[in-house]
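Sequences are here, hints too, so could you generate the full structure?
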Amino acid sequence: MQFFAFHLMPWDRLPDDFEQRYETAWTWIPNSLYEPGHGGTLYNRYLDELVLADRLGFDGVCVNEHHQSAYGLMPSPNLMAAILARQTQNVKIAVVGNALPLYNPPTRVAEEYAMIDTISGGRLIAGLVVGGGPEYYSFTMNPTWARSMFREALDLILRAWTEPGPFEHYGEHWKLKYVNPWPRPIQQPHPPVWIPGAGSKETIEFVAQRRFAYMGIPYFHIDFFKKNFDAFREACERNGYTASPSQLGWLVPIYVAETDEQAWAEYEPHLWYFTRKLLKGLVVLPPGYTSARSAATIHRALGKFLSSAQTRQDIEEGAYAIVGSPQTVRDRLTELAKWLGVGNLLGLFQLATLPADLTRKNMTLFAREVMPQVRASLAESGL
Amino acid sequence: MQEIPRQTEFVEVRGRKVQWTRGGSGPDLIYLHSAGGETEWTSFHNRLAQHFTLHIPAHPGFALSTGLETIRDIQDMAWHYVDLFEQMGWCEVPVVGFSLGGWIALEMAILRPHLIARALLVAPAGVRVPEWPYAELFIDNLDALRRLLFYDPEHPAIPQALPTSLDDPRMLNWLRAREATARVGWNPYLHNPKLPDHLDRIRCPIRILWGREDRLIPPAYAQWLAERLPAAEAVQFESCGHMLPFEQEEAFCQQVTQFCR
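Same order as they appear, the protein sequences are chains A and B.
Under our numbering, the residue at position 59 of the first sequence is numbered 59, and the numbers go up by one with no gaps.
Going from the second sequence to our numbering is simple: count from 1 and add 1000.
Derived by calculation from the structure, the hints in this document are not laboratory data.
We put the beta carbon where it would ideally sit given N, CA and C, even for glycine.
The reader is advised that the hints may include incorrect statements.
[What the hints assert, rightly or not] Pulled a few chain B residues facing chain A out of the computed Cβ check, cut under 8 Å:
| hint | residue |
| --- | --- |
| 1 | Arg-1146 |
| 2 | Ala-1182 |
| 3 | Arg-1183 |
| 4 | Asn-1187 |
[As the list claims (entries may be wrong)] Anything over 12 Å on all C-beta distances counts as not near chain B; from chain A, calculated:
| hint | residue |
| --- | --- |
| 5 | Trp-28 |
| 6 | Val-193 |
| 7 | Leu-378 |
Structural data, given as structure tokens:
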């Protein structure tokens, strides 16, 4: 099992009555709510938390891309990854990922990822993503081209990394006479590729077929992860091989404190800020972004989603977050990771308004009293 | 009102399968549907079919029509209709276009003026004036959508026009309709920046109908278009939103029969 610390870099100063006054924390949330000075404090604090993950012995850190949102302040995850490439020593740096249709031309992603991989000494994990539904509103990008732009961009990036340049690319969406990126990545033939998915059959089949790694989009009920991971393993079998656990990633909020009661007492207000404010407006399926059939499936799955959880019992039942004493978190993670058959745990250790001191305590307790034990017991199960 | 028999079949146009519903008798009338994809036989269709042979083709990507993969923008859509009209032998025919369908009719009339004898356009999309922005059509919330599109959010015709919940069996078609609309109307948003330069090429008689309470496309566009089209007039309807054919069925059909016969 590989342990990653995932950071969303959220905005922590939304008004108390935000959910009554605003429709969404995305796309249309007025940026007058953003305070530049405080933003500077947050970025530096959040980067320090990811640097701490390196010192604590995590296997990796994760950043991701969102635009025009209080949920995450990382329109450019590559800037964060570039800083981390210099400020960390050992962790893998997973950018999960760059939303390929938003890069024009997408060879920019090949270039910037190669820079991060090179500066970090080959520690990049290259997340290649379609981008969330809200990004298509924020950038007025036509979502009916999302899938075909993503596929074309992905092939172009891999080709740019592996085929000697210059070469021509004449695709549906981009026409490039000279593709010849400098630098090329350190990792050969190219950095590992992670692709997130929310259960769409097209994505599962594609990732399986190309032998990339599939990261389950978070905040769904644990049964939904299981169903999708099983579908992924079946898709790999159909494509003539058995999936490795390292091809699957489970992203989940985690909070560890001295006792179960203390953990819940410390964590709950921040968890509800997250579910009631920051998640508001996250799930948007713009037209054509996914096939009509997949959209219908996702709409159904949304009946069981973190934002519908109202109580501690709801959270625990759906495993929307793993919260408790080191013993509780160890047991629950071990049990669920085995059941899911995943080889990558992407923990969100900072969530919403969770302050710096509690975040650092959470990460430190996790690294000392959960990670080694879970790692050891999962190793026995081949995970 | 007499229930008019109708039939649905498929015609092949340049490799695209087109769902084509027709019913009624009398002169041909081509109905170009809106983004809502009203290709099922609804009560205003039935009313029109008392006076016309009504033809309802489904645009590519709507209902069971295929071929959206080769529709890249509104011009591709307009050329598709040029091909369909020529193949069906529809020449100098009257056309009714509602919203997206009205936009298609305008684009088509520029490409092949002789195909359309006269056009009745209901709240057509297609042009943008900075002072009168369109509202956001691509929202998931069906209640909000109902309030956006109808003046009376409890109007009895609403279930004919929109799925009522996510479990509605029409949801798949609805999602496909949204996708096909977004293909031509996401960016630029429901308009073609070049269209105003060409409006003077459309010489056929045009009547533009608009609900005064249209919250999706402001009714100010009615007069704006009428002033720029060589032979157009605008009529506005009180207490009516964007969904005029549903919301004021009788008045709408009266306009069509009077103008298109």
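Quiz item: If you check each hint against the structure, which ones fail?
Solution: The structure conflicts with hints 1 and 5, although it agrees with all the remaining ones.
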